[in-house]
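Trainee: Since the structure of chain A is already known, use the hints to place chain B on it.
Chains A and B, in that order, give the protein sequences.
All letters in the first sequence, in the order written, are residues 0 to 388 by numbering that gives the first Met the number 0.
All letters in the second sequence, in the order written, are residues 0 to 543 by numbering that gives the first Met the number 0.
No lab work stands behind these hints, which were simulated from the structure alone.
Everything numeric in this text was worked out from a predicted model, so none of it was measured.
No false leads were slipped in.
Covered by chain A, per the in silico footprint, the following chain B stretches (three or more residues, Cβ under 8 Å):
#1 2-9
#2 102-111
#3 121-130
#4 436-443
#5 482-496
#6 503-512
Just so you know, even glycine gets a beta-carbon here, dropped at the ideal spot from N, CA and C.
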Amino acid sequence: MTSGAAVVIVGGGVTGLSAGWWLARAGVDVLVLDKSIVGWEASGRNGGGATHVGSPFGLEEQRLWPQMDELLGYPTEYQPHRIGIALSEPQLALARRWAEIGESRGFRWEPLDRRQLKELVPIVGDEAIGGTYLHFGGHANPQRTVQAYAWALADHGGRILQHTTVTGLVRRGGRVTAVETTRGTFGADVVVVAAGPQTGLFAEMLGVALPLAPARVEMIATEPIPLMGVGGVAGNGLYGRQTLRGNLVYGGGPHEWINVPDMTTPEHANTPLVRNLARRLAELFPGAAHVRVIRAWSGLVENTPDGLPVVERLSNPDNVVIATMSSVGFGLSPAVGRAISELVQHGRCSFADLGALALSRFAGTPPDWRERAGWVARPAEVAAAGGDG
Amino acid sequence: MSDHRSIAGKAPRPDQHIPLVVVGAGAAGVAAAVEAARAGVEVLLVDEHPVDNDMMAMDVPLCFGQRMDATVRNRAAMLERVVETNPALATAHDAGVDVQLGTYVWGAFVNSATVQELPAPMLGLADDRRSWLVSFDRLVVAAGARDVLLGFPGWERAGTLGANGAAALLMRYRALAARRLLVIGSGVLGLHTAALALEHGVEIAGVVEVEAHLRGEASEAKRLAERGVPFFTAHTIREARGRTGEIESIVLVGVDEAGTPVRGSEREIACDAVCMAVGLVPSVELLHLVGARLVFVAALGGWVPEVDAWNRTSVASVFAAGDCAGAHDGMLRAPDVAREQGRVAGLAAAVSLGALDRGQAEARRGVRAPLSPASSEMQSYWQAWLRTQIEAGGWEVNVCQCEEVTRRKLIETKPPRYLKWESPQMSARDVGTLLRDGPINQDQIKRLTRAGMGPCQSRRCREQVGLLLAQAAGTTLDRIPLPTFRPPIRPLPLNVLWPADEPAAMREDWVSWFGIPTQFSPHWTAGMAVDEPTAHARLILSEE
Numbered sequence: 000m001t002s003g004a005a006v007v008i009v010g011g012g013v014t015g016l017s018a019g020w021w022l023a024r025a026g027v028d029v030l031v032l033d034k035s036i037v038g039w040e041a042s043g044r045n046g047g048g049a050t051h052v053g054s055p056f057g058l059e060e061q062r063l064w065p066q067m068d069e070l071l072g073y074p075t076e077y078q079p080h081r082i083g084i085a086l087s088e089p090q091l092a093l094a095r096r097w098a099e100i101g102e103s104r105g106f107r108w109e110p111l112d113r114r115q116l117k118e119l120v121p122i123v124g125d126e127a128i129g130g131t132y133l134h135f136g137g138h139a140n141p142q143r144t145v146q147a148y149a150w151a152l153a154d155h156g157g158r159i160l161q162h163t164t165v166t167g168l169v170r171r172g173g174r175v176t177a178v179e180t181t182r183g184t185f186g187a188d189v190v191v192v193a194a195g196p197q198t199g200l201f202a203e204m205l206g207v208a209l210p211l212a213p214a215r216v217e218m219i220a221t222e223p224i225p226l227m228g229v230g231g232v233a234g235n236g237l238y239g240r241q242t243l244r245g246n247l248v249y250g251g252g253p254h255e256w257i258n259v260p261d262m263t264t265p266e267h268a269n270t271p272l273v274r275n276l277a278r279r280l281a282e283l284f285p286g287a288a289h290v291r292v293i294r295a296w297s298g299l300v301e302n303t304p305d306g307l308p309v310v311e312r313l314s315n316p317d318n319v320v321i322a323t324m325s326s327v328g329f330g331l332s333p334a335v336g337r338a339i340s341e342l343v344q345h346g347r348c349s350f351a352d353l354g355a356l357a358l359s360r361f362a363g364t365p366p367d368w369r370e371r372a373g374w375v376a377r378p379a380e381v382a383a384a385g386g387d388g
Numbered sequence: 000m001s002d003h004r005s006i007a008g009k010a011p012r013p014d015q016h017i018p019l020v021v022v023g024a025g026a027a028g029v030a031a032a033v034e035a036a037r038a039g040v041e042v043l044l045v046d047e048h049p050v051d052n053d054m055m056a057m058d059v060p061l062c063f064g065q066r067m068d069a070t071v072r073n074r075a076a077m078l079e080r081v082v083e084t085n086p087a088l089a090t091a092h093d094a095g096v097d098v099q100l101g102t103y104v105w106g107a108f109v110n111s112a113t114v115q116e117l118p119a120p121m122l123g124l125a126d127d128r129r130s131w132l133v134s135f136d137r138l139v140v141a142a143g144a145r146d147v148l149l150g151f152p153g154w155e156r157a158g159t160l161g162a163n164g165a166a167a168l169l170m171r172y173r174a175l176a177a178r179r180l181l182v183i184g185s186g187v188l189g190l191h192t193a194a195l196a197l198e199h200g201v202e203i204a205g206v207v208e209v210e211a212h213l214r215g216e217a218s219e220a221k222r223l224a225e226r227g228v229p230f231f232t233a234h235t236i237r238e239a240r241g242r243t244g245e246i247e248s249i250v251l252v253g254v255d256e257a258g259t260p261v262r263g264s265e266r267e268i269a270c271d272a273v274c275m276a277v278g279l280v281p282s283v284e285l286l287h288l289v290g291a292r293l294v295f296v297a298a299l300g301g302w303v304p305e306v307d308a309w310n311r312t313s314v315a316s317v318f319a320a321g322d323c324a325g326a327h328d329g330m331l332r333a334p335d336v337a338r339e340q341g342r343v344a345g346l347a348a349a350v351s352l353g354a355l356d357r358g359q360a361e362a363r364r365g366v367r368a369p370l371s372p373a374s375s376e377m378q379s380y381w382q383a384w385l386r387t388q389i390e391a392g393g394w395e396v397n398v399c400q401c402e403e404v405t406r407r408k409l410i411e412t413k414p415p416r417y418l419k420w421e422s423p424q425m426s427a428r429d430v431g432t433l434l435r436d437g438p439i440n441q442d443q444i445k446r447l448t449r450a451g452m453g454p455c456q457s458r459r460c461r462e463q464v465g466l467l468l469a470q471a472a473g474t475t476l477d478r479i480p481l482p483t484f485r486p487p488i489r490p491l492p493l494n495v496l497w498p499a500d501e502p503a504a505m506r507e508d509w510v511s512w513f514g515i516p517t518q519f520s521p522h523w524t525a526g527m528a529v530d531e532p533t534a535h536a537r538l539i540l541s542e543e
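Isolated chain A (complex conformation):
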């Protein structure tokens, strides 16, 4: 055995890194393994939203984000508050619904009319019929945040091994005792699996059925424009934000279901969907229609059948915690990491009821659930681009 740690975490995305950071700052000996670079997949490629008050982790998410820069010692670019913009009545109803969920948890919001919207967000047009101002929620920079977790974890004595692919889990006497990797075997008292779309593969190794469907989603970013007072502005079927640098960074629209990726790092390819994203963004912000798109990217995420996370300490083997955030992980990461660290240390979460996130809810899910839901990939082509002549 190469060496090991009290807790070995499989996956250096936001969920695994946050869990590792919470554990390390509690003095636990922790090792995070990642197949490439920390936060290289969906954790570093998302919209940066931090407004999920409907989640069991929602209140803790809201409590923690304003403190994260200080707690971590590195910048996350967290910015509070959100503005929702509606270009139609159904969009307005949806924006208000989001606001009301917050209100029912004790957060404040107010409706905005077109004039107020234009004052706050000068690039909206006459198509905007109204909106919402949330005195809660916010957004942060995913790339800066994943590195902040990683560095802060190391500052507390935790270790990260990048470019290390986990290939197997060693079981002995009803427990996982070690993790096999491309760089040797690492002993562990407790193992956390937070491996994004590949989480299901590890569950399978343990004989646990975790229904997950991976998908690809895309985003675009523009050149910087002058900073608006609140960067967390979205609507018209887009999620995203204006970054502190001034770029408009938005995603949304159709996803593509794909097959379960293997352990290699995929290309993050885009499709012409970037044009449709550009159109929706220009509709949302007619005042910025002339602004240039300077890059686009895609990311792979996984969803459970009901779109809700699974965060659970298994009963057999009883020293494994499985975590998938079902495609909504970044914003919740401060809270989920804390929950995982408690599951590891105490077997239960003190601040959130994880009952709704239990794996047992899928006990009756048929094996062909993806086909039934239509959440399936088109069969792969043989050649990448055309055939030989």
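Mentor: Chain B alone, transformed into the frame defined by chain A:
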């Protein structure tokens, strides 16, 4: 059951299908298009020149250094001039090639491990007003090369050009607004650039070489010297001076054998433009996007596509020819080489489309033009320049102009200035501490420092960032993974990139996230849908 929120069945479709698209109307591209068209293939040849003035001002696609004269604002005149200065275009037109100028290729989209829904391989095209999609059976990429730029104090001022940018302004546009040019680099590229500028009536203030001897051909240097061009060997560039925003002079400083600036050897050269001509890198953005395998070949300028004897890349339907398949002095000395590569690619594309048989192609191909040997690898030469420029100009020089990231901030992996972030933890971090976690990765450093994340899409800083990181990591450029290229590979406005119309399904089923009705339900009201209007997706939680 299908998922109406997914892309299945509504992936964007091409506006047009063309059997063979050739990208780039330089020597290689035109030759490829002409050969294929003569074999009876329907060919579209696209070239982005004349580039829109706003794009030129951003140093896209080449480093024009704000030294375009006012005529570039006149699109019609520029279109005429681009046609007039490239007589080969007429040949292509006569051969039946559809030639589209002023047309950007901003993306290439193919199915891959994570994309399966595209109806066909496609290119994203655009002009100044709109964008569209063209599907193809075969693609020849002849996208040319970019200049390697190495910064110095004041290089943000108007007047810092790259050799290819200067050549484009001199030859294609006849619109170089500079009277006195200082050329950096005395290799074949530098000497060619100096000769070209002289030919077009631009005075050459000098040719600067960091090494002790001139690198280019002695005969060419002699011709330049006879026309009064001074050479400054064993010199490096220390700074650009001038009134606000303009270059009016360049300060050079002599370097000793170790490359250390010699105190007191400074000299100020009056000039209104300085041209970086230290080397070229192949423009492989499109090749990267179509998934062609790229390999680092030092003698070919860095990352190049792997091609076979018929210039076919690892993607069977894609060919590469000219500088984008390898840029080096041999290509500069013998322009026929690029043309020959283009002809071969065009013939091979025609064969693979069934328009020619292999024997005919062999016959038309003729004898391969002998390629003068590539110069030795350029990367250590670039490092030599960069090291002296750091010694002469210091660490507070912007490596990335768009995002104002200095050499120091890059190596210290500091967050951008606008965050005004200070913490003891952050101060303890730099490239060195990152190296403990794994090999250096330019894309990771980009995320942290923002170097390369600006509107010029890293055209001005990509190589210098790589070289600086290689220095800091004690390694060589070839050991640093290729930083990714992302569409759109030209910075296009939202209202140019957007599609004029969309299928009804795209609009009606559009949701911001997956449209799973329970995904955002408040957990205390389990099962209540909070979804964007109508929910097609059914929950499959249990056997019915």
